[in-house]
Each structure stands twice: as C-alpha cells, then as structure tokens.
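For the sequence shown, our numbering gives the first residue as 2, with consecutive numbering after it.
Hints listed in this document are in silico derivations from the structure and should not be mistaken for laboratory results.
Every residue, glycine too, gets a C-beta built ideally from N, C-alpha and C.
It is possible that some hints are incorrect.
[What the hints assert, rightly or not] Pairwise CB distance ranges (calculated):
#1 Ala23 / Leu186: 16 to 26 Å
#2 Ile142 / Pro25: 46 to 56 Å
#3 Lys50 / Ile142: 35 to 45 Å
#4 Lys24 / Phe197: 30 to 40 Å
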Amino acid sequence: MAKIRKQSPHVAEIKAASRKTAKPLLYIGMVSIVMLFAGLTSAYIVRAKNGNWLVFQLPDIMILSTAILVTSSISLFIAVKAIKNNNYLIANLGLAITLLLGIVFIFTQYEGWLQLTAQGIYFAGKYSNASGSFLYFIAFIHVVHMAVGLLALAVSLTKCMLKKYSSADYLGIELTAIYWHFMDLLWVYLFLFLYFYR
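Hey, can you work out the whole structure from these sequences and the hints?
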C-alpha cells in the first residue's frame, strides 16, 4: 500500500522563512544595483567635465529599444494580474511576450552598438574616446543584469505552464516582476541620462 509523504514541520518552517526573506534580499540586491549605476553615471559626469570628451547622438534604434522594454513591463503586469485570478492562459501569454520582448531589447541594444561603431565610436583602442567607452560599459552592464531577468522570466514561465503558481502562491512571478520593472525603470533613467547629458 502506497504511503503518503507528509512534509516535516522543519522543512515547512524553512520554506516559510525563505519566503519571508525573498523580497528583502531582492530589495537589497536592487539597492546595490542602484549604487553601482549611480557610481557609473557620477563618474561619467566627472570625466565629461575634464575635457577631451566626444559628443555624439545615440542611434534612433535606442529609442525603439526603450519603447520595447517599457512595453514588456506592461505585458508582465498583465501576467501577474492574471495569475492572481488563476488565469493561466493570459499569465503564460504575458510571460512569453515579456520574455520575447526582453530578447528583442537586447538585440536592439546590440544593433545600436554596431551603429555606434560604424560612426567611429569605439569602446577601446587607438580611436576610442572616454565618452564612447562609458556608454558601452554602462549599457553592457545593464544588459548583463537584464540577462538575469530573462533567466528569471524563463523559469517563471516554465513553472506557470506547469501550474506551479496559483492565486495563493505566485511569489516567484512577483519577484521576477519586481526585478524586471526595476531594470526597466533603470534603463529609462540611463537612456535619458545618456541621451540628454552632453
């Protein structure tokens, strides 16, 4: 006769504790990211004032890239709202669209870098300038953090498709959404900073 396995109180306590600490840990990580980019943009400003600073226009594709990322936040918001109502079809669709838009965002960022290179704006080398180097570095570091978000989205989508989430338990999707919206807002700030600051 098959035995029904019951979760031990100790394991249940560990899971409950991990749920309580998940958001605070995420917020701590987000604060560290804010400090990182605050330091980078501050260094950008200081270096720009020292002279020998090449002024150039960001490619128009960067505007499209920003619009794509903002749109991805909308689809993710819809996905979170759907899972709260146990609407798996809309939740899965919203997560899938967000994941796809995130990938397109990174592709458009790369295309923007190629256009800058074609204009003679290089990250390093004999013909590079500090302004270009800063732009590439800041954008690349942001893309690296976006890649983490894409991984989280892929995991959340997989779990949602397997119905591991419900209106009573959707912490994983919620944490992914918080991080994604944060990275979205961060990029909007970085884009406006890089676009308007000369």
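Violated hints, by number in ascending order, as checked against the structure: The structure breaks hints 2 and 3; every other hint is satisfied.
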